[in-house]
Every structure is written in C-alpha cells, then in structure tokens.
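Asks: Sequence:
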Amino acid sequence: MADPLSVAASIAGVISLADVVFTRLVKYGKAVKNAENDLKELTKDINRLGGSLDSLSRLARALDDGSFHRNFRMDYIDDCSETLEEMKEKLGKIEVDSAKGKLFWPGRSSRLKAWREDISRHQEMISTALSADTLQALLQILSHENRRAEEILSEIRDTRSIVSRVDKESRDSKVQAFFLKCNPQENYEMSLQLRHPRTGLWLINRLPKFQHWLSAPKSNLWLKGIPGAGKTVLAGSIIEAALGKSTDSIATAFFFCDYKEPITQSPETILGVFAYQLALQNDDAYKVLVQYYDELHPKQGLPRSPNVSSLEVLLHNILKMYDHVYFILDGLDECGNMTEDVIDVLLHVSIEADNVSGALLSRDEDVIRDRLSGCYVSIEVAAHKHDIMEYVTAQIQERIRVGKLAPYDPELKAEIIQGLVDGAKGM
Numbered sequence: 001m002a003d004p005l006s007v008a009a010s011i012a013g014v015i016s017l018a019d020v021v022f023t024r025l026v027k028y029g030k031a032v033k034n035a036e037n038d039l040k041e042l043t044k045d046i047n048r049l050g051g052s053l054d055s056l057s058r059l060a061r062a063l064d065d066g067s068f069h070r071n072f073r074m075d076y077i078d079d080c081s082e083t084l085e086e087m088k089e090k091l092g093k094i095e096v097d098s099a100k101g102k103l104f105w106p107g108r109s110s111r112l113k114a115w116r117e118d119i120s121r122h123q124e125m126i127s128t129a130l131s132a133d134t135l136q137a138l139l140q141i142l143s144h145e146n147r148r149a150e151e152i153l154s155e156i157r158d159t160r161s162i163v164s165r166v167d168k169e170s171r172d173s174k175v176q177a178f179f180l181k182c183n184p185q186e187n188y189e190m191s192l193q194l195r196h197p198r199t200g201l202w203l204i205n206r207l208p209k210f211q212h213w214l215s216a217p218k219s220n221l222w223l224k225g226i227p228g229a230g231k232t233v234l235a236g237s238i239i240e241a242a243l244g245k246s247t248d249s250i251a252t253a254f255f256f257c258d259y260k261e262p263i264t265q266s267p268e269t270i271l272g273v274f275a276y277q278l279a280l281q282n283d284d285a286y287k288v289l290v291q292y293y294d295e296l297h298p299k300q301g302l303p304r305s306p307n308v309s310s311l312e313v314l315l316h317n318i319l320k321m322y323d324h325v326y327f328i329l330d331g332l333d334e335c336g337n338m339t340e341d342v343i344d345v346l347l348h349v350s351i352e353a354d355n356v357s358g359a360l361l362s363r364d365e366d367v368i369r370d371r372l373s374g375c376y377v378s379i380e381v382a383a384h385k386h387d388i389m390e391y392v393t394a395q396i397q398e399r400i401r402v403g404k405l406a407p408y409d410p411e412l413k414a415e416i417i418q419g420l421v422d423g424a425k426g427m
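Using full-length UniProt numbering, you'd call the opening residue of the sequence shown number 1 and step up by one each time.
Please note: incorrect hints may appear among the correct ones.
[Claimed, not checked] Okay, the calculated beta carbon distance ranges per label pair:
1. D248 / R58: 39 to 45 Å
2. V308 / D364: 25 to 31 Å
3. Q176 / G51: 51 to 57 Å
4. D258 / K30: 54 to 60 Å
5. D354 / N307: 54 to 60 Å
6. E89 / P262: 45 to 51 Å
7. R304 / E261: 20 to 26 Å
8. D344 / E261: 16 to 22 Å
9. G374 / E124: 45 to 51 Å
10. R304 / I226: 39 to 45 Å
11. R58 / D364: 28 to 34 Å
12. S378 / D258: 18 to 24 Å
13. K287 / R363: 36 to 42 Å
Keep in mind the hints are simulated off the structure, nothing from the lab. Even for Gly, the Cβ is constructed at its ideal location relative to N, Cα and C.
Sequences are here, hints too, so could you generate the full structure?
Replies: And the structure:
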C-alpha cells in the first residue's frame, strides 16, 4: 500500500471535486435561459469554496513539520467532500432541453437552496480553519472535536498507548511477559499509519449498525470482506473509536491474528492478551490478573501453563469490573486449523457477558459465517467508494501540483476519476 496521503493532499483532493462541480454549474448556467438566481449564486459559492480549499491545502502543507500523528479525523472536510460528490452525481444526470432552455430536474429549487446552505456551512468552517497557526490546531478545527488541541493530543497519547502502560518500577515485567505473548500495539500503530486522513468515516460516523455497537453493550459485529478490501486499516479505525470511549468503567482490548505467526492463532494467547489489556486499565482488575499469575507460579512448586477454561474464568472476573468492554479482533480467518477454537472462545465470552461489544474482521468463509450466524451482525467491507474517491482525487491533484500530470478539462478529470473508482471493484 502506498504511503498515506498527507493532510494537504487529502484537502487538495476535494478541490478536484469542486472543479468538476463548478464546471458543470457553469455549463448548465449557460444552457438555461434566464437561469434562476440560486443557480448563479451557487456557482459563485463553489468557486469561492474551491479557492478556500486551495488556500487551506497550501496552509496545511506549510504547517506540516512531520510530527503529526494521524488521530485527528477531518470530519468537516469529509462532509464537504460528500456534499460535492452528491452535487457531481446529481449534476451529471441533469438533462437540458436546448430548444426551451429548461432544466429537467424535479424539485431543483429546493435542492439548490439546500446546497447553498451546505456550501455556506463548509465555507464558514474552512474560513475558521484558515486562521490556525499550527497543523494540530487546524486539524482540531476540522474534526468534530470542540476541545483544545492540547487536551485531545493528551488523550490520544493515553488511549493509543493502552498496551504499553506498565509500571516499569515493579516486578510486573514477568507478568507482562507471561500474558503478552505478542503485542498488538505495533499492528494497531501500523494500521493507523496506512490509513488516509478520512478513511473509514463511512463506518465510524455514518453507519447506524456501528453507532449502535459503539453505544450498546452486548452488541456484536462481524466485518467481512475480500483480501485487499482494507479490513486491517478499518480495524485500526474501530479500535481508535472504541479507545475514544474509554473511561474508568469502559475499556477496550484488541488483537491481530497473523497466518505467518502461529502464536497469534492460539486461543490461549488471545485470551491472555485481552485479559492483560483490560487489567492495565483498572487497578482492581490488575490485582485479579496478578493473583491468577501467582496461582500458576507457586513459590513451592513448578509453574503451570494457562488453559482456555481458566483464562475464560479470569477474563469474566475482570469483565465484572467494567460497565462496557469492547473486544476487537482482526484476521479471524488467519487462524488456520485453530479458527473454530478461536471462534468458540470468542462466542463464549461475548454470549456469557452482558457488557461486551465484540467486533471481528475476516474474510467471508463458510466456517466463520456458520458459527457467527445469529450472534453477530454482519457488515460487508469493501474499499468504500467514498474512500477510493478521496484517494484518487487527492493523487490526481497532487500529481498536477508537482508537475507529474498536466492540468486538463474538469469534465475529462471527472471521467478519469469515475473510471478509476468503478474499476477498483472494492479493493
């Protein structure tokens, strides 16, 4: 996968959409005699918006010092892009009667007014963002966050390092080594690095099934898709959304299975890592974890290895200390001949506990579908059209900026963008 888009390039990609929309509005304005005032004003609004987006992209590029961590989601830019995509699609279907100079577009007056209101809202937000003097401040304005950037960054440091919060001065390095056979934090960090600034917002912000999962305990999701559909990157966004809900009574645990690493396919490993992560977020839970460790390591006897049954009991005892717990596991299909055992363990945990929300990501395989049917709500994962559109438009705009691609007619640009998006076929 290519390096993630910079913030500036992601913003610049929306300019391509604005160019297409502006060109189509001008075209229809010329074709229609005595075009209504809203159409003329909307054309001016889009022209101003394109200029503001260009200024914002240049500002983001100037402020970028390479130290930004991609935890800010550019929600308002995504909203703007969604409006422009809707306009592009709708305007592309409008027919003009050249003889009568009329637009065949039922309800166009109300739609034009609604678009003007949307564009005005986007323009206001971008104008505010242009006052930022740091990239972090700019991104904070463009996200759906209302707190100071410093507070958000502090929270990010806390939530993203959930696995690494260990008392380094204690004896607990042995406990860590015992339970944390493999550290999922590296996979999580990588999934965020591979993510583009607005990737996955279709799920996180707009899908009711996910919003329900995030808010309601005992709700479970199975996100299934073909290889290359972006499941692991999406897993990072899901983990991040869950971590953002963390409080003293709400906790998150996550894991990444890898067919190349047999240790990640073991039910014992998965349960141990889940228990360890949850124990790190609650002092009483950590005491329970240490007690279990001590039972397996008696002072007057040989150490014993944990088994699935005792780990399940441990995990359920820890779960009782929280109101809501999120479990996220990516790569369920990569567990090989252990897949059914892993599913059984995860089902047992999610069914027995009333405060668990589980999210599993995998390919759509018969054994997984059969086992999860009736217990997990399925969501089809493909490289979402909105995400592909962002990537394609940003890459085109960036290539034009650096001189690798010559500027061309916006309508031709629209055809190229649509061809690439349609040709992606969910990958």
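Asks: Indicate, hint by hint, whether the structure satisfies it.
Replies: Outcome of the hint check:
| no. | hint | result |
| --- | --- | --- |
| 1 | D248 / R58: 39 to 45 Å | holds, 43 Å |
| 2 | V308 / D364: 25 to 31 Å | holds, 26 Å |
| 3 | Q176 / G51: 51 to 57 Å | holds, 54 Å |
| 4 | D258 / K30: 54 to 60 Å | holds, 57 Å |
| 5 | D354 / N307: 54 to 60 Å | violated, 25 Å |
| 6 | E89 / P262: 45 to 51 Å | holds, 47 Å |
| 7 | R304 / E261: 20 to 26 Å | holds, 24 Å |
| 8 | D344 / E261: 16 to 22 Å | holds, 21 Å |
| 9 | G374 / E124: 45 to 51 Å | holds, 47 Å |
| 10 | R304 / I226: 39 to 45 Å | holds, 42 Å |
| 11 | R58 / D364: 28 to 34 Å | violated, 44 Å |
| 12 | S378 / D258: 18 to 24 Å | holds, 23 Å |
| 13 | K287 / R363: 36 to 42 Å | holds, 39 Å |
Of the numbered hints given earlier, the model fails hints 5, 11; all others are met.
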